[in-house]
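2 protein chains.
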Amino acid sequence: MVIERGFEKERLSREEIEELEGLARLARGDIIKMTTLAGSGHPGGALSSLNILLLLYSKARIDPQNPLWPERDRIVISHGHISPGVYAALGRVGFFDPRAAVATFRLAGSPFEGHVVKKVPGVEWDTGNLGQGLSAGCGFALAARLKGLGYRTFVVMSDGEQTKGQVAEARRFAVKYGLRDLTVIIDYNHIQISGRIEEVMPSRIKEGYLVDGWDVMEIDGHDFQEIYQAIREALQKDRPVAILAHTVMGKGISFMEDEREYHGRALTEEEYRKAIEELGLEDDLQEYAKMRKEEVFGSIPPRPLPEVPRVDGGVPLTYEAGEKVGNRAAFGKALVDLATRNIERGVPVVAFDCDLASSVRVEEFGKRFPNYFFEGGIQEHNTATIAGALSREGVLTFFADFGVFGIDEVYNQQRLNDMNETNLKLVCTHTGLDVGQDGKTHHCIDYLGVMRNLFGFKVIVPADPNQADRAIRYAATHWGNFLVTTGREKEPVITTEEGRPFFDDSYTFRYGKGDLLRPGDMGAIVTMGGMASRAIRAWERLKEEGIRVMVINISCPFSLDRELLRQAASTGLIITYEDHHVETGLGCEVAKLIADEGWRVRFRRLGITAYGLSGRPEELLRIQGLDESSLTEAVKKEVRRG
Amino acid sequence: MVIERGFEKERLSREEIEELEGLARLARGDIIKMTTLAGSGHPGGALSSLNILLLLYSKARIDPQNPLWPERDRIVISHGHISPGVYAALGRVGFFDPRAAVATFRLAGSPFEGHVVKKVPGVEWDTGNLGQGLSAGCGFALAARLKGLGYRTFVVMSDGEQTKGQVAEARRFAVKYGLRDLTVIIDYNHIQISGRIEEVMPSRIKEGYLVDGWDVMEIDGHDFQEIYQAIREALQKDRPVAILAHTVMGKGISFMEDEREYHGRALTEEEYRKAIEELGLEDDLQEYAKMRKEEVFGSIPPRPLPEVPRVDGGVPLTYEAGEKVGNRAAFGKALVDLATRNIERGVPVVAFDCDLASSVRVEEFGKRFPNYFFEGGIQEHNTATIAGALSREGVLTFFADFGVFGIDEVYNQQRLNDMNETNLKLVCTHTGLDVGQDGKTHHCIDYLGVMRNLFGFKVIVPADPNQADRAIRYAATHWGNFLVTTGREKEPVITTEEGRPFFDDSYTFRYGKGDLLRPGDMGAIVTMGGMASRAIRAWERLKEEGIRVMVINISCPFSLDRELLRQAASTGLIITYEDHHVETGLGCEVAKLIADEGWRVRFRRLGITAYGLSGRPEELLRIQGLDESSLTEAVKKEVRRG
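Note that the protein sequences, when read in sequence, are chains A and B.
Using numbering that gives the first Met the number 0, the first residue of the first sequence is number 0, and each one after it goes up by one.
Using numbering that gives the first Met the number 0, the first residue of the second sequence is number 0, and each one after it goes up by one.
Do not rely on the hints blindly, as some may be mistaken.
The list treats identical chains as one, so a pair stands whether inside a single copy or across any two.
[As the list claims (entries may be wrong)] In the DSS-like style, the derived pairs of lysine-lysine whose C-alpha atoms are separated by at most 30 Å in a straight line are:
#1 289 x 489
#2 236 x 205
#3 489 x 292
#4 323 x 292
#5 175 x 205
#6 489 x 332
#7 175 x 117
#8 118 x 289
#9 635 x 542
FYI, nobody ran anything at the bench for these hints, they're computed from the structure.
Let's have the full structure, built from the sequences with the hints guiding it.
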């Protein structure tokens with residue numbers, strides 16, 4: 000290749016342009032071939048974005064031989080459906096054999112999926128659901144700053160997705176935090192699936208960026224020299240820049256140009272032949288078809304796990320019996336401790352907040368570590384995605400929010416984080432009817448039911464501040480996505496029958512291990528979170544009446560402690576007891592275990608059966624038959640019946 | 000009252016202003032009293048919004064004696080946490096006895112909840128999660144047009160929530176559809192929970208509205224004359240208008256003014272006394288405390304159900320055996336039929352799309368009924384909320400989208416719709432691995448797991464186009480929120496053993512009724528949706544080998560057919576079989592039933608156990624052990640083991 004990497008030179012040389020034009024012609028052929036062969040895909044946008052992609056992948060500080068080089072520039076493709084263009088460009092620039100992409104695009108088992116995935120070398124972030132890419136880019140740009148790396152972040156986007164609200168949220172965040180090394184390039188081809196963007200949903204893209212404080216440039220998105228110079232100029236600016244690259248959908252194939260139908264449809268074989276002839280390329284579709292049949296996936300090595308931060312988990316704090324701390328506060332303290340220990344050691348520890356710092360107990364952290372605290376404002380979608388992207392980059396990343404905002408509002412953002420195998424530590428305070436007077440909109444009673452759908456997220460529901468402390472340290476020191484939940488009210492310290500802290504210095508948190516809080520043989524109450532202390536009080540009342548039921552705490556509902564629950568089942572009666580939607584929470588998980596195992600046990604689920612009212616938690620629990628007295632009565636009734 | 004309703008007069012009279020000032024003084028006292036008594040709430044914003052609320056509730060075309068008068072102006076409070084201001088203003092204007100609100104604010108069982116709820120006369124839409132109010136307002140404004148009512152819609156918002164992306168989405172929709180009778184009034188007090196809005200997340204509010212094509216006015220938000228005149232002027236404009244009402248947080252109580260801490264905290268009793276003295280009001284807190292103790296809720300009648308459209312469900316279509324239609328197409332046809340029958344009869348039938356009209360099969364509807372088709376663009380959050388609000392207003396409202404966009408991306412919007420007891424008909428095409436080559440981001444494999452958390456939504460998963468046709472007509476003719484899902488590929492017509500359509504003219508869809516597709520006594524396959532036809536093919540194979548298992552189709556997984564499943568259990572073996580996350584779908588629902596009932600039955604769940612790849616559906620199913628052969632083998636293995 001004659002192309003030299005970097006944006007130092009003022010202009011592209013004639014030779015460089017010629018080489019790029021040559022690559023573009025081949026890549027156009029690749030795009031047409033792979034979509035025709037697969038019988039589906041999005042060739043139109045792939046062709047309009049192509050020259051932008053080729054320029055970026057040729058000039059950015061990335062290394063096809065070492066695609067995960069830590070100091071590389073990060074290139075995010077937000078409109079993941081233009082994957083044919085991305086694969087063709089990466090292949091032609093040397094990241095892999097482009098024939099592998101052509102032959103196996105959209106074939107089950109191939110890395111060359113319908114929407115871009117980072118299984119493919121050169122791809123940084125799996126996308127597909129529009130509007131999230133700029134937020135991911137903000138995350139990568141933040142990582143560069145926090146880790147003192149000088150790389151730049153580029154985000155390529157479509158024009159259609161600019162109307163997603165999350166894009167404007169990301170723009171504001173980028174300006175607030177001065178992410179000057181962030182550059183957006185928009186493939187402005189004016190066509191989305193349903194028609195011209197001006198008709199589908201009018202939007203003043205340029206003015207939107209300007210209002211939010213970005214610089215904007217406009218160029219011909221097919222002219223390599225213009226693309227090069229715009230990016231070069233953008234990198235010298237003191238603020239984030241959006242480059243509006245005017246393009247033509249289907250560029251390079253006469254009959255596809257500016258034609259909406261090719262947004263999301265592959266060419267027929269006849270159209271294909273016409274296109275290949277126009278491009279002056281060889282028609283080798285049958286050879287590729289043969290390779291496809293043989294499932295030749297090329298030699299793409301599996302992507303290694305991203306950088307795992309080597310976190311010092313510190314020494315657990317033990318709160319004494321009767322201490323009024325609560326799980327929220329225990330999280331806040333553990334966070335400060337983790338930051339104190341790790342930041343100095345070179346492991347950045349970061350917390351994101353969405354305008355609730357005091358309530359979610361990250362205020363103290365923010366005061367102590369202002370450079371590591373990010374206030375995302377009332378922009379949860381953007382914040383969730385930024386936190387996810389950052390967490391993959393060797394930064395221990397916490398995102399603290401109310402359950403309803405950190406889970407319900409941003410479920411699809413957490414879902415994409417999870418698909419991206421991020422390392423996010425999500426802490427949701429304010430779950431359950433325990434939220435109380437703020438009423439139903441703020442009662443997150445579905446944190447298990449919603450998160451259960453994500454294959455990667457581990458969820459921990461600590462019973463008291465001691466378990467919360469340990470759960471936070473566990474999540475911090477173990478790779479992967481964790482959700483740790485707490486209530487709003489102060490959960491009391493759980494004690495042994497003798498009155499000592501149950502989760503004391505000798506206790507080690509293990510993911511999936513249940514806790515036998517109280518013994519008994521006439522039945523078992525299986526509970527979690529703040530309800531555990533209520534169950535213990537019910538146990539005491541029942542004991543006085545000669546009814547001995549065991550009390551089991553399940554802190555990891557998605558990884559049930561089978562042995563402990565088998566013991567519970569052997570009593571002949573299991574009652575689950577939770578401050579959660581009764582159909583989707585702990586009772587649901589235990590039901591599956593009982594049915595799967597075929598255990599013979601009487602089973603009753605106590606949980607939330609209607610949206611909550613606005614009132615004190617005890618009242619709300621009572622109304623739904625979930626206070627201590629209701630539990631006691633329910634146990635008595637079941638024990639007597641049995 | 001000397002105040003005359005309406006905005007015809009050029010100015011407020013001096014007497015009107017005096018009366019408003021008098022009401023404001025009393026209402027300020029109400030706000031302080033109710034929050035102090037409850038010990039929580041948001042007095043700061045309630046005080047800054049108060050004069051806006053009082054002016055609106057006094058002047059808008061609403062009737063305190065008849066709060067649900069169909070032609071009334073609609074007033075949406077987007078920042079629901081300022082409920083003390085809303086309750087005080089409504090009470091002082093005559094909607095109810097304000098003392099009921101003061102005495103019972105945030106008391107479990109009282110209608111005067113922490114965030115505004117429409118149990119309270121005068122409130123139109125339950126809010127609490129910020130950023131959704133303007134979209135709801137768009138829905139009400141659309142309803143006025145569709146039903147030929149001349150009412151106006153006002154949306155009162157906070158400044159902090161302007162950064163939510165959904166707000167900009169709603170602005171664009173309002174301009175695209177020329178909602179000139181929509182007026183926004185922003186309480187611009189510059190303070191949000193965490194500090195000054197300029198510091199928490201800088202945002203150029205005025206310019207944002209201008210860029211999106213709105214008119215903007217700026218006024219003193221405490222000056223009744225200015226508020227009146229601005230609204231009057233706004234109503235004469237030919238486009239939506241945003242009024243930036245500059246205010247002071249905590250207005251009217253000297254020590255609260257511009258003080259962030261009063262955003263979300265009630266006054267102490269000492270502060271309360273100081274405030275009441277400043278206002279020159281009587282300190283009657285003890286009397287209210289007594290009423291609170293006695294739980295005097297006043298005499299608020301329960302709000303009746305909203306207008307139920309009298310929909311003609313038409314005559315079901317029966318597709319013949321072998322006809323290649325698919326459930327998506329069946330939906331599209333049923334929709335056109337419903338529109339043809341009902342629009343002429345005066346029942347508006349509307350469909351919303353998010354840039355996928357052709358894929359979700361609403362294109363034909365859009366061509367035939369352009370005035371009833373709304374293209375929301377790539378702005379799903381806004382679209383989901385608009386559709387919800389509109390559906391409460393006597394308009395039969397469909398929102399069609401891919402599962403991942405209509406459910407996963409907008410879960411919290413559907414959640415708030417559900418809390419608002421809307422009448423939305425959500426149709427999600429493209430669910431399951433059946434989506435195929437678009438890959439994991441587009442595989443909605445959690446539609447049951449996610450929607451199960453909403454108490455009001457009924458979900459129907461039709462097995463074939465005949466059942467789909469009937470399910471759509473059922474949802475259209477029954478009040479409440481329905482989700483109907485389909486796959487992407489064409490589901491074949493299910494037949495009887497004799498080869499006739501199973502769901503034929505003699506079949507009537509009943510919510511909660513299962514279908515015994517094939518008989519058997521050695522076990523039962525329990526399935527749904529597009530997997531039903533695969534189960535039947537497996538049944539045929541198994542039959543040849545002498546294995547007779549029944550095949551049961553469950554179209555309503557949230558309302559299981561207990562009797563039919565009891566029969567299934569009596570075979571001694573149940574295998575659930577679904578194109579859905581194995582932990583949160585049909586198998587999960589059946590597991591709960593088995594555990595709850597204590598049925599002795601061997602139980603096995605077949606479903607999705609990892610994010611899908613990108614490839615043809617049959618391949619993806621095979622990889623996850625869900626194709627026809629895998630099912631056949633699994634059944635054989637279990638039958639032999641039993």
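How the hints compare with the structure:
1. 289 x 489: Between copies only: 28 Å across, 65 Å inside.
2. 236 x 205: The answer is both: 17 Å in one copy and 26 Å across copies each meet 30 Å.
3. 489 x 292: between (61 Å within a copy, 25 Å between copies)
4. 323 x 292: between (66 Å within a copy, 27 Å between copies)
5. 175 x 205: both (19 Å within a copy, 18 Å between copies)
6. 489 x 332: So residue 489 and residue 332 pass the 30 Å test inside one copy only (14 Å; across, 55 Å).
7. 175 x 117: within (29 Å within a copy, 37 Å between copies)
8. 118 x 289: This pair counts as within: shortest intra-copy Cα distance 24 Å, inter-copy 66 Å.
9. 635 x 542: within (11 Å within a copy, 49 Å between copies)
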